[in-house]
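Assemble chain X onto chain V, guided by the hints.
Protein chains in written order, with the numbering used here: chain V, 1 to 347; chain X, 1 to 276.
Please note: incorrect hints may appear among the correct ones.
Capping the alpha-carbon separation at 30 Å, the derived lysine-lysine pairs in BS3-like fashion look like this [said to hold, decoys possible]: (1) V:Lys-92 x V:Lys-11; (2) V:Lys-92 x V:Lys-65; (3) V:Lys-70 x X:Lys-262; (4) X:Lys-182 x V:Lys-11; (5) V:Lys-157 x X:Lys-105; (6) X:Lys-57 x V:Lys-11; (7) V:Lys-66 x X:Lys-182; (8) X:Lys-262 x V:Lys-65; (9) X:Lys-139 x V:Lys-66; (10) X:Lys-262 x V:Lys-66; (11) V:Lys-92 x X:Lys-105; (12) V:Lys-157 x X:Lys-139; (13) V:Lys-175 x X:Lys-105; (14) X:Lys-139 x V:Lys-92; (15) V:Lys-65 x X:Lys-139; (16) V:Lys-65 x X:Lys-182; (17) X:Lys-182 x V:Lys-72; (18) V:Lys-11 x V:Lys-72; (19) V:Lys-66 x X:Lys-105; (20) V:Lys-72 x V:Lys-92; (21) V:Lys-92 x X:Lys-199; (22) X:Lys-182 x V:Lys-70; (23) X:Lys-262 x V:Lys-11; (24) V:Lys-278 x V:Lys-256; (25) X:Lys-139 x X:Lys-153; (26) X:Lys-262 x V:Lys-72; (27) V:Lys-65 x X:Lys-105.
If you want the ones that stay clear, here's a sample from chain X, every Cβ over 10 Å from chain V, calculated [said to hold, decoys possible]: (28) Ile-31; (29) Pro-89; (30) Thr-157; (31) Asp-190; (32) Lys-199; (33) Asn-229; (34) Ile-245; (35) Arg-255; (36) Ile-275; (37) Ile-276.
Worth flagging that the hints you see were computed from the coordinates, not collected in a lab.
Note that the Cβ used here is the ideal one computed from N, Cα and C, for glycine as well.
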Amino acid sequence: MTDYSKRNNPKFSQHDFDNPLTWLESLSQEDLRDWLRRALWVRITLPLIIPPASRIAVEISTTLKKGSAKLKSTVREIVPVLLREWGRDDPKAVLDDLLIISGRLRAASSEASIADIITRRLGDSEDAVQLRQRGLSVLSGFGCSERTAPLFEQYLKNVEYAAISYRALYRYDLKYAETRLQDIVSIFQDSPDELDMVVRTLFRDLQSPSQLVDILVEYLREAEPRSILDVVEALRCAGVFNAELFIRAKPTHRIKVFRLLLERCPPSDLQQLLLRLKPVGISFYSLRQRDGTELIQAISYDSLSEQRISDSIVSTHELSEEVMEAFVIGSEPLAWVETISGNEWVN
Amino acid sequence: MPPSAAYSIWETELTSDQFGRMWLNKFRFDIGHGNIPTTMTATLRSVLEAKLVSIGKGLPPLVILETVIQENPILFDLQGLRGPPGNEPYSFVIRLEVFAYFYLKRRVLLTILDDDDEELNFIWRNIDGTITSRFFSGKVRTDRAFFWCAPTKELETTSAKYTADRAATILRDRLGLHLLDKGHRLIRIDVPVAALVGKRLRAPNTLDSGANPAFVPSDSPDGYGRTLNLATITRDVKEIVAEEIPFDETFEIHRLGMVTSKVPHISWLGVEALII
Numbered sequence: 001m002t003d004y005s006k007r008n009n010p011k012f013s014q015h016d017f018d019n020p021l022t023w024l025e026s027l028s029q030e031d032l033r034d035w036l037r038r039a040l041w042v043r044i045t046l047p048l049i050i051p052p053a054s055r056i057a058v059e060i061s062t063t064l065k066k067g068s069a070k071l072k073s074t075v076r077e078i079v080p081v082l083l084r085e086w087g088r089d090d091p092k093a094v095l096d097d098l099l100i101i102s103g104r105l106r107a108a109s110s111e112a113s114i115a116d117i118i119t120r121r122l123g124d125s126e127d128a129v130q131l132r133q134r135g136l137s138v139l140s141g142f143g144c145s146e147r148t149a150p151l152f153e154q155y156l157k158n159v160e161y162a163a164i165s166y167r168a169l170y171r172y173d174l175k176y177a178e179t180r181l182q183d184i185v186s187i188f189q190d191s192p193d194e195l196d197m198v199v200r201t202l203f204r205d206l207q208s209p210s211q212l213v214d215i216l217v218e219y220l221r222e223a224e225p226r227s228i229l230d231v232v233e234a235l236r237c238a239g240v241f242n243a244e245l246f247i248r249a250k251p252t253h254r255i256k257v258f259r260l261l262l263e264r265c266p267p268s269d270l271q272q273l274l275l276r277l278k279p280v281g282i283s284f285y286s287l288r289q290r291d292g293t294e295l296i297q298a299i300s301y302d303s304l305s306e307q308r309i310s311d312s313i314v315s316t317h318e319l320s321e322e323v324m325e326a327f328v329i330g331s332e333p334l335a336w337v338e339t340i341s342g343n344e345w346v347n
Numbered sequence: 001m002p003p004s005a006a007y008s009i010w011e012t013e014l015t016s017d018q019f020g021r022m023w024l025n026k027f028r029f030d031i032g033h034g035n036i037p038t039t040m041t042a043t044l045r046s047v048l049e050a051k052l053v054s055i056g057k058g059l060p061p062l063v064i065l066e067t068v069i070q071e072n073p074i075l076f077d078l079q080g081l082r083g084p085p086g087n088e089p090y091s092f093v094i095r096l097e098v099f100a101y102f103y104l105k106r107r108v109l110l111t112i113l114d115d116d117d118e119e120l121n122f123i124w125r126n127i128d129g130t131i132t133s134r135f136f137s138g139k140v141r142t143d144r145a146f147f148w149c150a151p152t153k154e155l156e157t158t159s160a161k162y163t164a165d166r167a168a169t170i171l172r173d174r175l176g177l178h179l180l181d182k183g184h185r186l187i188r189i190d191v192p193v194a195a196l197v198g199k200r201l202r203a204p205n206t207l208d209s210g211a212n213p214a215f216v217p218s219d220s221p222d223g224y225g226r227t228l229n230l231a232t233i234t235r236d237v238k239e240i241v242a243e244e245i246p247f248d249e250t251f252e253i254h255r256l257g258m259v260t261s262k263v264p265h266i267s268w269l270g271v272e273a274l275i276i
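Chain V extracted, bound-state conformation (with noise of 0.2 Å):
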């Protein structure tokens, strides 16, 4: 370990304590690398002060953002020159630090450096772990490239890291979001609240409800149908599984949906998963056959924007010849029909 409290640094004045970016500014780049590594190394900041609600990662790098483009630049040049330098014996806090400071100044050329730390210089410690997942996350910041893809691929499957690499995949392409979705759901399944996270997420982090549509049928087609109730649940939790959604979806899409669901959810689980989606605005009609059997016939949509919309999901000729009553599902018969008219839900 190198003992970097020798080094030189560069005099300060009290006004600089006031002001340490404009000093910082007017270093060098060989100096303010110096100062990088004392700051890092022995935990000397000044002329910065870390206040006690703060961290040096945090301070360090929350004033350098708000420098010139200059600064930022020769920040982006330094940080990955201290990554190669961190070496095992050096305390764990500087690497977690510099992770940070790479990830918030966006130091992209740190990329080579730190997918060598992840997979090379790194144990499976605990803490080892906690820099991985950071690393892992600059990493996916910078964004997922044809270099990283692999990477990513890798610990995909391992539930240490499988949100933050599932996040970068489908970021880079979105066709992760709807094969990996089921991998997820897996890793995850004894966890519900880091499920529930990792499905917040990935809606936040879609452009439009139509995307999720797609994704959720994409994942029906391939789910574990004992997965499925989880995953519905975890997204109407999630605010994102309501009528709002398929309301502002193309029609034919949300009929996929909906077949898929009913396809594919096993009979023991339906019933609960349609009692839960009424709440949130989804409503089932039934059709009582004369044999007794029900056969879901169509959807409602409420919106509260009072907007309302219905499908019929079963045309006509799929029904028994005759059908003798409808209601919603979970509630008293919302209305009696005689007749089905074409593909037209008549309430």
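Okay, now just chain X, sitting in the frame of chain V:
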């Protein structure tokens, strides 16, 4: 033994500027009022003398001082002789960014750091909501292995009196959170009493404060230190420093609010006057 020539030069340089002089006066205040052992003067001097032999020339005296404090936590951290009575509930206040990066489970509440405003907004909006205590994980500490806190009831009283943002601004000033400027979002974390059982709790002293000029030592007989009120330049809220503890789901967090004004102009002469 008389001090070495190098030490004398260092001390002369230290006291040639206001912050260096303030630091030494605060340290002497601590010694003179029994806040730290009298032997600490000799200890600090001997460590400094050893460092001055090995360290390069031209380093600012405050940097050398901070270096020896940082490098010797066993000698200099939490060495206060005074401590608070009883088991009072304590809280501490941190920036949103610190909470996001150091107090949450990293594996799901990842923060994409380059566009972190959106991420931080999400966390801010969901404190007390989606971000439940199940996501708490980390260590309560600063960049040293202890943290600063104040009795919960003192912070609650201020929060109860004002709107959220106003309370955050007033607490910034009352807690002496120098450099937390307009726009910073603050979070209060309540420490469960059980988490501090068996831990060292001390009235903070000048060695704990490092080079932070917005710290004033206190000799209050109640065993607490006092924050520096940035607006009035007086000693204000009771405070202590406590040994590092794990952060887990037994803690409670509260969104305080956003600081809405700049840090007040601080009369450092006024601060100096408090310790003479």
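Any hints from earlier that this structure breaks? Give me their numbers in increasing order, please. none
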